[in-house]
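Asks: Got chain A sorted already, so can you dock chain B onto it with the hints?
Here's the letter readout for the chains.
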Amino acid sequence: MDAHITEQEVVEIARRARVSLLEGEAARLAEELDGIIEKLESLLAFEEPDAGERGAL
Amino acid sequence: MSLMGGPFEALTACEIRAGLLEGRFGAREIAQACLERIERHDDAVGSFLEVTNEAALRAADAIDAKVAAGRLEELGPLAGVPVAFKDNMNLAGTHTTCASRMLAGRVSRGTAECVRRVLDAGALPVGKLNMDEFAFGSSTETSAFGRTRNPWDLERVPGGSSGGSAAAVAAGLVPLALGSDAGGSIRQPACLCGVVGVKPTYGLVPSQGVEAFATGLDQVGPFARSVEDAALALDVLAGRLDRGSLRRGLSEAGGGDMQGVKVGLVNAFMEAPGLSAEMREAVQRAADAMALRGAVVREVEIPGAQAAMDAYRVLGPCRAFENLACLDLARYGCGDACEAPLEFGAEARRRIVLGGHLLSADEGRRYRRAAEAVRKRIVEDYGRAFSAVDVVLAPVTPRAAFRFGEVTDPTEMHLSDMFTVSVNIAGNAAMSMPVGLGSQTGLPVGVQIIAASWGEANMLRAAVALERAFGRPAVAPGFSV
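Sequence order for the protein chains is A and B.
Using our numbering, you'd call the opening residue of the first sequence number 1 and step up by one each time.
Using our numbering, you'd call the opening residue of the second sequence number 58 and step up by one each time.
The shape of chain A in the complex, shown without the other chains:
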């Protein structure tokens, strides 16, 4: 199964956000956040196809 977030993507997001990562942290974060996103899958049961996005309240 494909990962939800890869190490490469973590590096790219951190670069865009100018967030400095420790050595090895990108790989660790990718694994950790992949696990978190995996657990969020139950949230998709609430997804409404035509809900759209309201952005900030």
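Since the hints were derived computationally from the structure, they do not count as laboratory data.
C-beta: ideal position from N, C-alpha, C; glycine also.
You may find that some hints are simply not true.
[Unchecked claim] As a list, the in silico SDA-like pairs of lysine to any residue whose alpha-carbon atoms are at most 20 angstroms apart:
1. B:433 to A:47
2. B:123 to B:75
3. B:433 to A:41
4. A:39 to B:363
5. B:123 to B:177
6. A:39 to B:419
7. B:433 to A:46
8. A:39 to A:27
9. B:319 to B:510
10. A:39 to B:467
11. B:433 to A:44
12. B:433 to B:421
13. A:39 to B:470
14. A:39 to B:331
15. A:39 to B:423
16. A:39 to B:418
17. A:39 to B:416
18. B:433 to A:42
19. A:39 to B:468
20. A:39 to B:329
21. A:39 to B:471
22. B:433 to A:45
23. A:39 to B:404
24. B:319 to B:349
[What the hints assert, rightly or not] Computed footprint of chain A on chain B; a stretch qualifies when at least three of its residues, placed anywhere within it, have a C-beta under 8 angstroms from a C-beta of chain A:
25. 364–378
26. 416–425
27. 428–438
Replies: For chain B alone, coordinates are given in the frame of chain A:
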């Protein structure tokens, strides 16, 4: 130090103002008593990042001058009351760091509107309080500037992210402090430290000048050691000193009478795995106390609340990432340094990267849509509940204060907010009310009183009933005379 024979730490904000007006003591005496306590005790607690001695004494002298000139009508509702502020609130001339190394040394040029209202009401500004870095946390352990300790057990956390605010009030260093709450960051530390903590309805208190990182979720609110003080602080923060005054409404409602008030209990909360027996007992004791005073207690359901944690885990990081750009504005005059990497702590990095992913990836759009659908569902659920009851009684957090380093798994740390986040997602009002000590740990336990949006009057009325039943929160042992 005592004030006219009584210990400073025993006085509430209302008592301080009354004593000032009656001439029992002066504002400078109050300021000195407060600053002396901070100097004597805060090494042990670590609640303050900065103490503003000169500003406090200057404000005190201005009040004393008015009293000496007989201009008592010019004294505001917080005249002479020492107040401290979470370090995400700008106060001109102070460092506002959000407990992050990234903002170390940054001095505020302006003052947040909520802080300005408190100072205009006559409060004495005594300093800035420790917090989790950028409010990302539930224990104040992620602060870049050291830990804050729970005054009830110095080996345990005060909660977070407004841990410094809760601890300062619990140790009797100040009678009032301000914090902010995006998922439980006022209510949870208030519970763990045994003080009153209020998250007002979203929009009641202005957020201009507060370095918020969860726009749409967080709200500034007070910590206090009495319900009356909390109501007074809310009046000042909301700009409601005449019509709609919550404090005046408390005395008009009849202290502690709950006749005809309908109180809801959420079975899913009470049966939640991970909820400690003593926290469950605390909620039941509170419900029983309210019933004894005439309340009708019944079950209500908030089905959407079960998905609230997951929705918050999407909405929070997305907001954090979106607000990140504001940090460049926060680093005034940084010049070429603006291109340098931003030095966040580990928890902040985790949330920002997650937010970045959820905002940019195709699948992220699905999670955000689902989270917004959960928000809509929770708003509807609370609406239905509040058509049947006046307030909902719930746990604040699963367990009493834990030891430093005991909770290291971020997922487990997030569970601290499992009973509080749905309120932020819906925008409702809620508060944490202490109800004594836990039967197992002997540590403070509290209950959450949730009201409909703009339902602060109902919430505070129920809180007064609990205060009559369980007593006003005491200063933590070891910090009281």
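Asks: With reference to the structure, classify each hint as holding or not holding.
Replies: Here is how each hint holds up against the structure:
{"no.": "1", "hint": "B:433 to A:47", "result": "holds, 11 angstroms"}
{"no.": "2", "hint": "B:123 to B:75", "result": "holds, 15 angstroms"}
{"no.": "3", "hint": "B:433 to A:41", "result": "holds, 18 angstroms"}
{"no.": "4", "hint": "A:39 to B:363", "result": "holds, 14 angstroms"}
{"no.": "5", "hint": "B:123 to B:177", "result": "holds, 14 angstroms"}
{"no.": "6", "hint": "A:39 to B:419", "result": "holds, 17 angstroms"}
{"no.": "7", "hint": "B:433 to A:46", "result": "holds, 10 angstroms"}
{"no.": "8", "hint": "A:39 to A:27", "result": "holds, 19 angstroms"}
{"no.": "9", "hint": "B:319 to B:510", "result": "holds, 16 angstroms"}
{"no.": "10", "hint": "A:39 to B:467", "result": "holds, 13 angstroms"}
{"no.": "11", "hint": "B:433 to A:44", "result": "holds, 14 angstroms"}
{"no.": "12", "hint": "B:433 to B:421", "result": "holds, 18 angstroms"}
{"no.": "13", "hint": "A:39 to B:470", "result": "holds, 15 angstroms"}
{"no.": "14", "hint": "A:39 to B:331", "result": "holds, 18 angstroms"}
{"no.": "15", "hint": "A:39 to B:423", "result": "holds, 14 angstroms"}
{"no.": "16", "hint": "A:39 to B:418", "result": "holds, 17 angstroms"}
{"no.": "17", "hint": "A:39 to B:416", "result": "holds, 18 angstroms"}
{"no.": "18", "hint": "B:433 to A:42", "result": "holds, 17 angstroms"}
{"no.": "19", "hint": "A:39 to B:468", "result": "holds, 10 angstroms"}
{"no.": "20", "hint": "A:39 to B:329", "result": "holds, 18 angstroms"}
{"no.": "21", "hint": "A:39 to B:471", "result": "holds, 13 angstroms"}
{"no.": "22", "hint": "B:433 to A:45", "result": "holds, 14 angstroms"}
{"no.": "23", "hint": "A:39 to B:404", "result": "holds, 18 angstroms"}
{"no.": "24", "hint": "B:319 to B:349", "result": "holds, 13 angstroms"}
{"no.": "25", "hint": "364–378", "result": "holds (count 7)"}
{"no.": "26", "hint": "416–425", "result": "holds (count 7)"}
{"no.": "27", "hint": "428–438", "result": "holds (count 6)"}
Hint compliance for this structure: no hint is broken.
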